Structures are given as structure tokens and as C-alpha cells.
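Residues per chain, in single letters:
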Amino acid sequence: MNDKAQKTLVGSNLEHILQDGQFAVTGELGPPQSADGEVIREKMILLRTYVDAVNITDNQTAIVRMSSIGAGTILVNEGMEPVIQMTCRDRNRLAIQSDLLGAYALGMRNLLCLSGDHQNFGNHPTSKNVFDIDSIQMVKMVADMRDEGIFQCGDEFKGEKPCFYIGAAAAPFADPINFRPYRLGKKVNAGADFIQTQLVYDVEAFEEYMEKVRELGLHEQTHILAGVGPLKSPGMARYMKNNVPGILVPDKIIDRMNEAGRPWADIKKDEMTKEDKKARSQAWREEGIQICIDLIRELQEIEGVHGVHIMAIEWEKAIKPIVEGADLYPRPEVKV
Amino acid sequence: MIVAEQKPLEEIKELIGDAQKVLVVGCGTCVTVCFAGGEREAQILASSLRMSSKLKGHPQDVTDITVQRQCEWEYLDPIGEEVKEADVVVSLGCGIGVQAIAERFPDTWVVPGLNTTFMGLPEEQGIWSERCAACGDCLLGLTGGICPIARCSKSLLNGPCGGSEDGHCEIDPDTDCAWQLIYDRLERLGKLELLMKIQPPKNWSTSRDGGPRKIIREDLRLIEEESAS
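Heads up: the sequence lines are chains A and B, in that order. Sequential numbering from 1 applies to the first sequence in the numbering used here. Sequential numbering from 1001 applies to the second sequence in the numbering used here.
Isolated chain B, as found in the complex:
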């Protein structure tokens, strides 16, 4: 899932400025699961903004609403009225949600309330960590299901650098060395020979390096060919 965390309140207040009518829009999917931008967080943020503006002597009209998924038009369209009435929308969706609102409501000023951080999983209650970098050319089949692109600090493809110590990465004792994890797993599964082959330079064109990405599935498109022509 997409993991995010809320921006500091001060930064959000600065982004809102002195707008009179503020709408906080939560999202019911990934950021709800990671406790960053769901219904509960939207309510708390709205209430904090109300209180803080009141204390400053310029009370702002802050309301909140949460949609199932900010990244799909069908969930955004039903809140069109509320969005259009607001001077500013604070999106508590990921970066995709913020952009979806901007795209769907061209006349609305929208600001982000979250920092979208990574694609990952909850290791345990309260701890999330990165797992995928969306490189567009998955090599997990070579590395025992552990991604060196997302999880090695240098995205190395041919084994660990000299900074691997006691299972962690030299950049931070709280960061696992991905290559130690890969080595241990391949050893357990009797597949260490996978590490002996020299992996060639990666094709990064499928990643962000190839420019903004798009998938077109002709088999799924609903094109009315005749009316289009």
C-alpha cells in the first residue's frame, strides 16, 4: 500500500493561509490503513485547524469529508458541491489524491496535508517500511522476493557493498541490509547460485527515469470508435 504521514500542522496552516472556507478531504484507502489521512485523521485535522484559527482571533470555517478513494473520479464527483464551495481544499490523500482533486476541479485551490512517503507494509503495529520502488521491471524472482532496488541504500544488483554489518546497513542501524536478507533467504532455500551470476546494468527506462509512465490496455478501454471518429 501507499504509506504517508501527515505534514506538521504549522506547515498545513501556512499552506491554507487566511482562506475563509477550508475543506479537509480524507481518503478511505491506503492512508486510512496507515493512520495518516482517513476519516478520523481528517476530523482531527479539521478540528485542530478550527481551534488554532479561533485562538489566533480569525476563526476559519473548516469542515471535513472523507471519500472511499480520492484517486478515482467516481468517488470525487459526489463531493463536487462541497469542493467548489471551499476557498481551499486540504487533501489528506496521497500525492495521487491531491492531483486527482486538482484535475477534477480545475477552479479549486488544493494543497497537500500529507507527505507521501513510500510503497510498503506495516511490519507491526505502528511501524511501516518500504518494499517497492515501482521500477517497472520486477527482479524479485532473482533475489528471493526481497527487493534490492527499494531496500538497498545504493540499489546494488550484484551483492552487498562493504557497509553491511550485523545485518544492518551502514547508513542507519535501524535499516536492514537488503543483501544480508537476500543472502540469508537464498541460503535457506538452497539457491545461493543465483547470486553468482553478474547482473547486467538495469534497464531504468521502465522506472521514473524513462519519463512519466502510463499503461494503456486496449482490451479494457471503452472507446466508442464511431463517435470518436
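Pulled out of the complex, with its shape left as it was, chain A reads as follows:
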């Protein structure tokens, strides 16, 4: 961590917690597909005091939503700390830098640099993508703005520099799997202060990844937050296992979800009442939350895991029971 100590402290809550060596908790907030700021405020209340910073997605899955910086501004105004996401899909290097200057001026201090989901998956599949730079180049660009005081082109800042706490993503289980720890190394070398991983359900596989990460010494140069998320149903678990690249869902977790729905297993499909379905869904969700809590406990034991990032998209209510259940509440107070 010696290199890090010399870096400019940006003074964010998340940075303080991680630098203090405390186990960090962040949560994800997906902005609405509308201009309704109330949605942000409502979701924000569900996360308030339970997470150290709120990660706000940037047109996730390539679906148009309120901008991350716009939603982040609402959070800042309400006294909460956002992590802004920025993807390479929609903006070139001019737009990224310019938006980040604005975000910094509006009070945002944490940034997650992402390539971005391809627009094929979203609601504008005929759009043109940008990908002027990639996520690693973005990390370097933002680190250079902060640490060297230069724009990507090399021009020096004449006024205040944007000093972001810089994050990047890691996909430990995507192919080519042997390259993944090295790709993480590239992100760290580019200047990533913290790392948020893809959802982890297979702790054993993640441990193997972390072993390699430790071999490379990366856990001492950056703060790794393991991605976790509560499952809503066995179907969701199977879907992720079979359809989402880079997510491993072990059978034992799918079995646990199935087991939770056992009391309703013998009821024929057309004989299920609305109440049955509601009760089954409730049972599944409770188990999903419990699995998430158990995962967090296991992840906490892994050397080099410095926190968790909870992704409960469109289920922000789940954050509270997860954080409480994992004995991560109350969150540490930070004097900024």
C-alpha cells in the first residue's frame, strides 16, 4: 500500500473506510427509465446508513436511464455518497473527461470505470457505439488527471483537478480465465484504487482467483470488493448459470433455492393460487437473502477481500437485511 499512500487522498467516505482497513459495503442503485428524481430518493432511503457508498449505474445493459451523474447529484444533495459509473460505450475521451469535470464540480468523488455492455443487449440496438478508449485506458486517463494534472492529450490543468477515487471492474470467471488476474494487474497498474468484481456465487472458484491475485501482490495495491447479489428464485439462479457469461452458480446454491420452494413443489401449476405464488416467492427471496449473507461471511475470510458490493437491482429493500444479517451494521462513522 506504500504507493497508494503517496497518492492524492480524495477524501471520500469509501476511500477512508478502505484505507482504514475496514470491511467496506457498497450497494448498487439503478436509475429509472424516466426523469423522475423521486425514484432515486425513494431507493436512496433503502440504502441510507446501510452502505458506505452507492454505486449508480450508467445506462446499464445498454438501456437508457437517468444518467449516473444526474442521479449522483441527487444523492450528493441528500448527503449521500455516490460511486459514479462511466462506460466507454457512449462517450469518447472528450465527453468522458468533460462529464467527469462536471461530476467533480457537483461533488462526486468516487468513479467506477467500465467498458460498458454492448448496445446489442439494450433498447437501442441500432445505435452507434463509441469505444474510443477502453476501461483500462479510462482508469489511466482519470488517474493522470488526478495525479499528474494532465488531460488525456497531455495538456496541463490550469485550475482545479478532478480527484476521483478510481474503481474498475473484474470478471474473475470470464474467459480466458488464466488471463483474468493479469488483466486485473493491468487495471491496478493503470491506477485503480478499488476493484468491484462480477457477482460471486462460487466461493471456491473465487478463492482460486484470489490466490493468484495474492501471488501477483495485487491485493496490496488495490482494494477488492467482491460482488454479491441476492437471488430471487431458482429460475434466476439457473438463468445466470446458463446465460450470463462470467457468472458461476454452483449446484448447491440452486439446490438451496429449490429447497426453499419445496412446500409448493407438489402443487400443480394450474392449482397454484396467487397466495401460493406470493408465499413461494417470499420463501425464495428469504433464502436468496440468506445465501447472500452466507456468501459475504465466506468472502470476508478470504485474504485480500476488502469489502463487498451488493447488487440488488430493483430489489434495493434486500440491502438492509443482508447488511444486518452479515453483522456489517452499523456502518463505521467516518469523519470527513
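There may be inaccurate statements among the hints.
What the hints assert, rightly or not - Partial chain B-side listing against chain A, Cβ under 10 Å, derived:
(1) K1154
(2) S1155
(3) N1158
(4) I1171
(5) D1172
(6) W1179
(7) Q1180
(8) L1192
(9) W1204
(10) D1209
To be verified - Listed next, the in silico SDA-like pairs over lysine to any residue satisfying Cα-Cα at most 20 Å (straight line):
(11) B/K1191 <-> A/L216
(12) A/K277 <-> A/R262
(13) A/K128 <-> B/C1135
(14) B/K1197 <-> A/Q152
(15) A/K128 <-> B/A1133
(16) B/K1191 <-> A/Y182
(17) A/K128 <-> B/P1212
Everything labelled a hint here was simulated from the structure, so no lab data went into it. Bear in mind that the values here come from a model prediction, so they are computed numbers and not experimental data. Virtual Cβ for every residue (Gly too), placed ideally from N, Cα, C.
Use these hints to put chain B onto chain A, whose structure you have.
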């Protein structure tokens, strides 16, 4: 080579409208090799247009002719008469061929019969795939001869995104992950260390982003300096 595919017949008919005299011009180079716009395809298209216009009760006079290369004046000049007689020319060349005809014959209405798709190669009989994006600053020397600009869906320069699975790209199971290919090849050749260096942002000014491109080779130009001045 340049790979193209023919537009749907209905679209071509719409582009032609009710022009009386139609000339289909094939091209004997790239689009012949990819079976999109060579002599054979020009003949078939002309015949289809004739039949279809006949069936509609307004027979059009559709003929065809194929030149060796639509993108060079010397091959276009010999068909000047035929072109000038036509009310509309349907070019079965790539986008360059269409424009060459428009440029060489300022009074002729020319429409495209193909969609020019990419620069690539035939992987096997009947399958073509993209290989080059003509970015103007070749980096194949860093990636083992596999282009991430043309072949990675996000044109990433520092390795695969999280969407690489079992060798294919998440956007389509039929699309190879370029970075898996690059990784495998560099591994085989013992050159994985090439992937460890952070590649800086690319200079896209040599690509289309820098505006329309032009190469001027003074050593090859035939300028009659005295008469020019």
C-alpha cells in the same frame, strides 16, 4: 477482399422505379469472388428484373454488362456508351464502384444493388467474415496477427471484457471472442508478455474519425509540371 451482399430484389426495384432502360453493371473483382456482384449475378439480377417488370405489365428494358474493376476509370471508360444510354444504372460493385460510376458519368443516375459489408475473407465455402477495419495504424504486430479493432465487438485494446465465454463473444454465440483468439495464439507462440503492457488510447485520426482519407504518393504521380503551371 471487399465482401458484399446483394440488396433484396424489392429494394432494388424500388430504387429503379419506372425507369425504362436499366443497365446492371457487374464487377469482376472482389464482389465476383464473394458471389455478390460478378457477371453471373449481374445476369441473374437483370433477368429477374425483366421478368418481374413483365409480370407487373410494364416491361423494362434491362441489360447487363460486367467490367473487370468498377473502381478504375480505365475499365469504366469502355462502357461509356451503354451507361449513357441507360435511364438508370444498377451497380453491382461495392460502394466504391457505385461512386466511381457516379463520378465518371456525371449525367447518369446510378443506384447500388449491393450492401458493401466488410473487408474480410472466406473462412470456408459460403462463409465470409470480417478481418480488417482499415484503421490506418496497424497493430497486428502486438496481437499475434488477430485484429481486436475489427474483431472485438468493443474494439478493446487491453484484453477481453467480461463477456468472453467458451471462445465466443457475448453479443452472439457465432462470433469468436477476438481476445480469446489473441490469447491462445500468443500463448502458443510464447509471447503472452505482449498482453501485459497497457496499450495507450489509440490514435483514431488515421481511421475514418480523422475525416475522409487520401494517400498521395509523389513518387508515383504523373504530373506534367510545366503544363500544369
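*Among the hints numbered above, which are violated by the structure, and what are their numbers in rising order?*
Violated hints: none; all satisfied.
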